[in-house]
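S.K.: All chains should be built: construct the whole structure from the sequences, respecting the hints.
Each protein sequence line maps, in turn, to chains U and W.
Quick note: to get the working numbering, add 35 to the position in the first sequence (first position is 1).
Quick note: to get the working numbering, add 35 to the position in the second sequence (first position is 1).
Treat the hints with caution; some may be incorrect.
In this list, chains with the same sequence are indistinguishable; a pair is considered to hold if it fits within one copy or across any two.
Unchecked claim - Taking lysine-lysine and the DSS-like style, the derived pairs with C-alpha atoms no more than 30 Å apart in a straight line are:
id, residue 1, residue 2
1, K326, K165
2, K60, K251
3, K165, K125
4, K251, K207
These are calculated hints, taken from the structure and not from any lab test.
Here the structure is a predicted model, which is why all the values come from computation and not from measurement.
Protein chains: 2
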Amino acid sequence: MTAPFERIAILGIGLIGSSLARAIKAEGLARSVVCADANPEHARRAESLGIVDAGVTDPAEAAAGADLVMLCTPLGAYAAVAEAIGPALKPGAIVSDVGSVKQAAIDAIAPHLPAGVHLVPGHPVAGTEKSGPDAGFAALFPGRWCILTPVPGTDEAVTRRVADLWRGCGMKVERMSADHHDRVLAITSHLPHLIAYTIVGTATDLEDHLRQEVIKYSASGFRDFTRIAGSDPTMWRDVFLNNREAVLDCLQRFNEDLTALQRAIRRGEGDVLFDLFTRTRDIRRGVLEAKQA
Amino acid sequence: MTAPFERIAILGIGLIGSSLARAIKAEGLARSVVCADANPEHARRAESLGIVDAGVTDPAEAAAGADLVMLCTPLGAYAAVAEAIGPALKPGAIVSDVGSVKQAAIDAIAPHLPAGVHLVPGHPVAGTEKSGPDAGFAALFPGRWCILTPVPGTDEAVTRRVADLWRGCGMKVERMSADHHDRVLAITSHLPHLIAYTIVGTATDLEDHLRQEVIKYSASGFRDFTRIAGSDPTMWRDVFLNNREAVLDCLQRFNEDLTALQRAIRRGEGDVLFDLFTRTRDIRRGVLEAKQA
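M.R.: The following block contains the structure:
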């Protein structure tokens, strides 16, 4: 059987990049997989783990001759990486990515691609709080959603090849506009991370002995936030800087709701609290039924 | 071997009550265990599960003749339950509880106890978002902390008997004042729940199609919040009403920190974000090292 791709280049071999490399190997989705990572240790590590055929530091070297180039670096590096690989891309190559913000991804990558190269932005909605090539695993993807946000006018056959890659990794694939993606993810992902970072940050500012107690008794709710707030700082800085408007809009709604709840507690309005806590249970039920928990 | 207690009465056979009943049975910590629950189905269910020797609806009936009575109802029911069982308690009996707020627990229970009955308030810091007698399991406790908040002047031997019970369930036991407990738990537990309820509530207010997408893509962070926000509404209403001041104080700090982060995003101050996200990683490391994750 011929593999769907000849050569896939993964640029950035962190949690998602290394999980994708493993899945490509496991499912035989490409004849060869190479990676580039700015951190030479990570590039070497990926090679010694056997999840790529070659690991280098120069993204142009990895991208040269590839029929699919997958950007898996933090968003803040996209423009520089795209600029570096532009001249090395072969005609007809597909450039895709896995970033958590899609409009900013398009804005950063598109200007640097030569004519005849296709861009199909994507976002596999899966992850853990871990980072680096050792953190990845192929089982990260099955059953989860991958969102593709092709720009109008993209060749349908090209989009389908990228969709098939993610389906080959076990994902369900959905399409939407970049703008819509960014608004949905602002509430499902970016705001929750922002809140978790804030509350764990509030705890780091406590006096030393109190901070130790917070860690000691974290099983009561706090530890779930520490898990989220243990996510990669560079990646998340870039997410917030690149989806600023949608995040600030969500945050505005959240603040209004929190203020209302604060007032209900201050006034001792038990029925307001009970009503909200009952409604939120239904959402939990929805998540369980959608098998996303 | 003689069991440490003759008869333990568990009042309220929900997640914690039924987990405790199972642990007592498994570890042989009492000759007999009875329970009372205002919901007759739950009382019967506990009996048919074999985790109690008898399940009734009248707390006084369960408490009569018990050498240890453990209140496991929501906090809002404490005063009424304490008033009901007061006359039925045998001299020398110990009354304890598992509530998430300790000063309010003492204020609700103490006035109703006859002379010669001991009060040892406690809080096993463990739980899940599930409720009811079927949700409990004995393995909920091992390795977690139980905090006892005995009032000054409590007989040391009595406090030790309650501590030994929780140790028998596999917990580590710590003592502190009720006031200190309430301030620590406000940040480790009550604030995280309040925030999770708020953010999931914000999502429930979205337009219908957007709400469906939030559920669909919840794997990106949101689902952790739905788990917390799926917790028992009655229990949590009572927690917020009974630890109002400490919760509002935490919320104030949280709001200040969130506002600062909001400003950093608006201004595009990536270094402020990166610094915070790096500090919060250390707290996560602390939680992992303390084996509370």
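S.K.: Evaluate each hint against the coordinates.
M.R.: Evaluation of the provided hints:
Both within a single protomer and between protomers do K326 and K165 lie at most 30 Å apart by alpha-carbon distance, with minima of 22 Å and 17 Å respectively. With identical chains, the CA atoms of K60 and K251 are at most 30 Å apart between copies only, with a shortest distance of 28 Å across copies and 42 Å within one. For the homomeric pair K165 and K125, neither the shortest alpha-carbon distance inside one copy (33 Å) nor that between copies (55 Å) is at most 30 Å. Taking the closest pair of Cα atoms, K251 and K207 come within 30 Å of each other only across two copies (11 Å); inside a single copy the shortest separation is 39 Å, beyond that limit.
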